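There are 6 protein chains.
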Amino acid sequence: MKQLIEKANVLMEALPYIKKFYGKTIVIKYGGSAMTNESLKRSVCMDIILMKYIGISPVIVHGGGKEISELMVKLGKQPKFVNGQRVTDAETVKIVEMVLSGSINKELVGFINSNGGNAVGLSGKDGNLIISKRLSKNSGDFIGGVKKINPEVINLLDEKGFIPVISSVGLGEDGLTYNINADLAAGEIAAAVNAEKLILLTDTPGVLDKNGNLIPHLDQAKIKKLIKAGVIQGGMMPKIAAGLKALNAGVKKVHIIDGKIEHSILLEIMTDKGVGTEIV
Amino acid sequence: MKQLIEKANVLMEALPYIKKFYGKTIVIKYGGSAMTNESLKRSVCMDIILMKYIGISPVIVHGGGKEISELMVKLGKQPKFVNGQRVTDAETVKIVEMVLSGSINKELVGFINSNGGNAVGLSGKDGNLIISKRLSKNSGDFIGGVKKINPEVINLLDEKGFIPVISSVGLGEDGLTYNINADLAAGEIAAAVNAEKLILLTDTPGVLDKNGNLIPHLDQAKIKKLIKAGVIQGGMMPKIAAGLKALNAGVKKVHIIDGKIEHSILLEIMTDKGVGTEIV
Amino acid sequence: MKQLIEKANVLMEALPYIKKFYGKTIVIKYGGSAMTNESLKRSVCMDIILMKYIGISPVIVHGGGKEISELMVKLGKQPKFVNGQRVTDAETVKIVEMVLSGSINKELVGFINSNGGNAVGLSGKDGNLIISKRLSKNSGDFIGGVKKINPEVINLLDEKGFIPVISSVGLGEDGLTYNINADLAAGEIAAAVNAEKLILLTDTPGVLDKNGNLIPHLDQAKIKKLIKAGVIQGGMMPKIAAGLKALNAGVKKVHIIDGKIEHSILLEIMTDKGVGTEIV
Amino acid sequence: MKQLIEKANVLMEALPYIKKFYGKTIVIKYGGSAMTNESLKRSVCMDIILMKYIGISPVIVHGGGKEISELMVKLGKQPKFVNGQRVTDAETVKIVEMVLSGSINKELVGFINSNGGNAVGLSGKDGNLIISKRLSKNSGDFIGGVKKINPEVINLLDEKGFIPVISSVGLGEDGLTYNINADLAAGEIAAAVNAEKLILLTDTPGVLDKNGNLIPHLDQAKIKKLIKAGVIQGGMMPKIAAGLKALNAGVKKVHIIDGKIEHSILLEIMTDKGVGTEIV
Amino acid sequence: MKQLIEKANVLMEALPYIKKFYGKTIVIKYGGSAMTNESLKRSVCMDIILMKYIGISPVIVHGGGKEISELMVKLGKQPKFVNGQRVTDAETVKIVEMVLSGSINKELVGFINSNGGNAVGLSGKDGNLIISKRLSKNSGDFIGGVKKINPEVINLLDEKGFIPVISSVGLGEDGLTYNINADLAAGEIAAAVNAEKLILLTDTPGVLDKNGNLIPHLDQAKIKKLIKAGVIQGGMMPKIAAGLKALNAGVKKVHIIDGKIEHSILLEIMTDKGVGTEIV
Amino acid sequence: MKQLIEKANVLMEALPYIKKFYGKTIVIKYGGSAMTNESLKRSVCMDIILMKYIGISPVIVHGGGKEISELMVKLGKQPKFVNGQRVTDAETVKIVEMVLSGSINKELVGFINSNGGNAVGLSGKDGNLIISKRLSKNSGDFIGGVKKINPEVINLLDEKGFIPVISSVGLGEDGLTYNINADLAAGEIAAAVNAEKLILLTDTPGVLDKNGNLIPHLDQAKIKKLIKAGVIQGGMMPKIAAGLKALNAGVKKVHIIDGKIEHSILLEIMTDKGVGTEIV
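Respectively, the protein sequence lines represent chains A, B, C, D, E and F. First residue of the first sequence? That's 0 in numbering that gives the first Met the number 0, and the numbers climb one at a time after it. First residue of the second sequence? That's 0 in numbering that gives the first Met the number 0, and the numbers climb one at a time after it. First residue of the third sequence? That's 0 in numbering that gives the first Met the number 0, and the numbers climb one at a time after it. First residue of the fourth sequence? That's 0 in numbering that gives the first Met the number 0, and the numbers climb one at a time after it. First residue of the fifth sequence? That's 0 in numbering that gives the first Met the number 0, and the numbers climb one at a time after it. First residue of the sixth sequence? That's 0 in numbering that gives the first Met the number 0, and the numbers climb one at a time after it.
Calculated directly from the structure, the hints in this document are not laboratory data. Given the structure is predicted, the values throughout are model-derived calculations rather than measurements. Accuracy of the hints is not assured; some may be wrong.
Any copy, or any two copies together, can satisfy a pair, since identical chains are not distinguished.
Here are the simulated EDC-like cross-link-like pairs (lysine to aspartate or glutamate), alpha carbons at most 16 Å apart as the crow flies [to be verified]:
#1 Lys93 with Glu106
#2 Lys244 with Asp218
#3 Lys147 with Asp173
#4 Lys93 with Glu69
Given these sequences and hints, build the entire structure.
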């Protein structure tokens, strides 16, 4: 009985955080190891289901780099990257879309729904959600930017109790398909749905300083300095950009957290100190 | 961090129960020591607030015997009981109402609201909630039965996010005030709002057998036998009656639990085995 | 038949006033003799029920000085007043609450509901309706001011056809109970619900000049003068303060009327000249 | 003041009737002298406006025999009647429609709206309200029966605060216009909108016995006898038929009252005894 | 089959226009030959029904000069016109109302409803739709201007799937009936309902230049010049005035088109070039 | 102009069919050549967009056999079929899902949305739309049947103006992914959404008799005979089964039509005779 009461006390400790985020939208960029490790995948999905039940509105945005490369290789196509961005020709974008919208998105949806949630998978094409534009001048390049977010379909599904799970593929005004950086897409979507928080899952404990130590808080000024100093670079760059985009649009906080920790999303929400790096 | 993850796991363990009761109404008869001990009072209120936040609809019904007697004594009136029922003359029913609707009800509402909940106190007069009738033939006796429950005001407040807290005082069709047994009122209200569960807080671990051991499950047949054998008697009688009333009206389960255990309501809901005696 | 037609004509005369106040909210501060005389009590309640049926939204706020003092004396406690305000220590505020929220409030609700209305009694604690603060610096003093009105529960009940009846007891941010002047509470509530009118029942024909003659109209300038001259003083002061508060918040008119006249509320609403003193 | 209080008491006397009919629909067949005498016309319209304001839903159905005949004569056409029914050829039905839907209907609407009501005039064509069929086998005869009532437009307008005023002209499934007996139309409409009451205004005190005395109550059996005896005949026949039609469809009461008494509608509703003949 | 596919292609060609006007309101001033020629009448009504089904909200406003004059003559009254406006004395306005609201309006409603539409006829009196004022200083003159449009009843009916058909008769604040120029009424209504387009049917191909050639586009400057030059004059003047009124109130485009062409409304909407004169 | 009027007349001819299907749901099984030929694909999509705009609710269900086989071959896996059903092992179902939900579904959605529609792609996993079960006893076989359809997400999207496009992949109660015959899925979905019609696109003119002539009408009795005679067989079998399933659940009509004809869907809906085979 004593152990039970302790458990009840843990639930009680969660109450202030439940109150704090009740009715609020939290956009989660899902990626990295949390997407490939079965146990972490399960932990992320359970966190999302719990959030929905206790009155928080999670919106999931995902990419899927590793699985794309695997299918490309199987199909005899060599993945190439320039400045961390995948070189995306017409053939590649077709593969990207199949993997993101057909494989990863539906796997997530299936997992959530098999565990008592009720998710609906979307790509940026569905409901004209992400209107995209070619970033490069090269008409053979299908890396896209975000021209406009139409969040109606997200809001509709969220209000009716569904969990939107979104693959970062966009629809161009030219009717073509574009591969969009998932961090970027998450930042834009967080801005468009007036999210309370944007949480970006990574494979590091957060933003690290030059000695590899976690920086718990960042603001715009510090970020500029760290970029200049080359401390923020590589895959962290689009996350930082997405975060700033979201913050400027009114999102209250952005968190870059370690997806390799079990229940890292829940911990970020349900503890005062949070985990990882917070940008304000 | 490890400790945090354990806490997250406790939250995860709660998920199946949250799902199970999501959107369901649970009527709680609040009484006994849980009403006088400050720490227990707090634990009950926090359980109720948490329930509301995670999507369960708690409806609280309370009596308040001890405090009534205290005020009577202060006012120079000797409390009398016949068969466990308070003898309620015209003067007494006025005291009963002041204590129940003015003191205990508002104290509960104030406590819940000061801790982040949003309760509204009601008596059976408000919104014609409990239409009552005199039980005795003696016109100087103000012990009332339930003639009709009008649950509109409960349902309205519940839907709009408020927690209804109800004192067991009824309005007669003669315009007079009646003192209603709170167990009875709770059973009738559970029936009228189509509650999923009725939880009755007592000062014992539940229904006990003749050796004083807890009987975890009861059904109508067993109950008859136990009453005949005199094992169920006294203050347990109206609880059993209220439970049967509720069950016959479609309430799924009735629980008689030990209000002296901290978070006993939460434990009843959030564990498979539950606590106390379950009637089906 | 002729007499009947005359009655029909009386109804017809009421039509312009029904139109004028259709869908509008009128806050009524109920107090004084109208609260203790059975016939007047009945007349006030019937006026309120009629108003609700013909499409006006009455909101009742009441105090209950006399009954509080009576219970205090019965409990061996001497009522004391300083500047017309009841000295309210911890013990007293408990008595105040019992009398206001448990006795008077429920009596009114019961009376209205027994006569075909549908009232719901509230205290300032219910739905966090009146968030209060200690007025004095003395921590043993429980006379409260109004920090914030949360009118959601009033509006909700009113829209759904219920008549809100409110006792002037507030909930402090410290979780404690405060005794609030009922005139003040009525003024603040009138302001918060965008009332069309605030009607304050008194035991005099309205505001009287130094010769004891009724002053039918007052404005802010005149009021200042009369206060300076000591003509407005004593129990009329909080009524005037409440009126000004309401007017400044957009309430169109405030009326101080004689609660000792039968149907004085109805007469105020249903005649051009009105009764008592009008403040604009 | 005393006189004022007496007036207030008259309003109070109305309260039980206001309660009784609150939210109920009352269909009024308007016709006879009440339609031509300016003072009676005004009294009927004011009754209707008052009803709407106090929460009753009046639906007006009117004919207009006299005015039709006048226009016919002006246009050089001799009005003819067979068994009390106007002989209606193609030319006549055009005149009927102009007078009913264009003149009388709009005059009523204009009068109500100029006096603070909000009426919308309809004919049986609007919103396919009265689908009609030729009663005679003669294809040159445009007297119509009621095939179907589509009450959607009435209900819509009523719910949104408008008073529907309906001229008894129907639309045939052949696309042609039919002249419908207004009593009949009122009975069918009362049935279709689940009216609480149907009130038929006449130029007599009600149904009279062979000695010319008012019969206050009638039922189906008595009616049969009176028809057989030739006591009920002529213009009273369609009123009786309409009443029976309505009663059989669930309308609670039908009243045939004297439209020559001022405020006869209000008196019928607001007094226990009512006026005229009641059919149950 | 080939012919069928061609038909399908015609439907496909309509798609961009359906999209363009989906959910938009288009006010149509119906008049001239299209009102007297049976085939054109049918074509106008069918256009309106189709518009409603494909998601456009048509609102019809009509006059009826010719038919009014005919009835006047039959009633022995000589129609007179000054500056193209009918001289309207008290007797005339009664005839105007009968013809417009009773004859033409109901004929249109009947026609639409017999062909699968669901129209409701209104005059400017219904729902206080057109509050009018006497234009002349002569109290025996019943030509009215528009003081205020109350579009609630139009919007209500439109939203619920009905097609509003409005006769240009207004209700004065003096309770009297006014004859309003139908072009003017249409312009004011288009302004009040935020119409996308106002289409005015005439008996000419549109606005013609001094050589009798159609002017396809007009703006305010050109209009001034053409009025000065006497090219725009007579019956075209109120149409131009109505158009400018509507445009200034935010209506996007005004079209003056040839009602003698079959389906001219549909052609105006469903072709790029449109027909007639467009004012922007 | 004459040509324009002819076009208007074509639109007019469509009106009765628009009325007939207004507000009704039509489920379209999209497959065969119409899915691979660019011009036919465009024609199908335009038909769907038009339907939505004119008030019909299209729901699209698609398979994608050919493209699946192509990707399998590219990945070095030999497509195998037994009785017309694709042999679907664990590796194959992953490919099926990628192609159906990631490639074909999103291509359709992108095409519709680029042409002015607003589609949302779903798989049977989204919103738990198609709860599936393994058909074979072989646990390595992922051909699924339909256990339950949860049509909430379809209905929600449809009501809010979106066009649901559904890939025939189901979610097992075991959490696994199942390949479902698209005809079967379409039939079950038509049944679950109470469709008015189910249209199955094929590569033949409809059901053919033994001489290869089209059979325009079929009923259950005829179908049995034709199956017995071996005339209905192969790929036509699941279409017939889906049709019967839908009819038995209340769908009014099922049509098997030739997807190789341009605008065949529109022609089926907008002509009396329809095209292909109708089952009733």
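### Query
With identical chains treated as interchangeable, where does the CA-CA distance between lysine 147 and aspartate 173 reach 16 Å or less: within a copy, between copies, both, or neither?
Only inside one copy: lysine 147 and aspartate 173 sit 14 Å apart there, 39 Å across copies, limit 16 Å.
### Query
Quick one: lysine 93 to glutamate 69, C-alpha cut-off 16 Å, is that within a copy, between copies, both, or neither?
both (14 Å within a copy, 14 Å between copies)
### Query
For lysine 93 vs glutamate 106, is the C-alpha pair at or below 16 Å within one copy, between two copies, both, or neither?
Close across copies (10 Å), not inside one copy (18 Å); limit 16 Å.
### Query
Between copies, within a copy, both or neither: which fits lysine 244 and aspartate 218 at Cα up to 16 Å?
within (13 Å within a copy, 44 Å between copies)
In terms of the numbered hints stated before, the structure departs from none.
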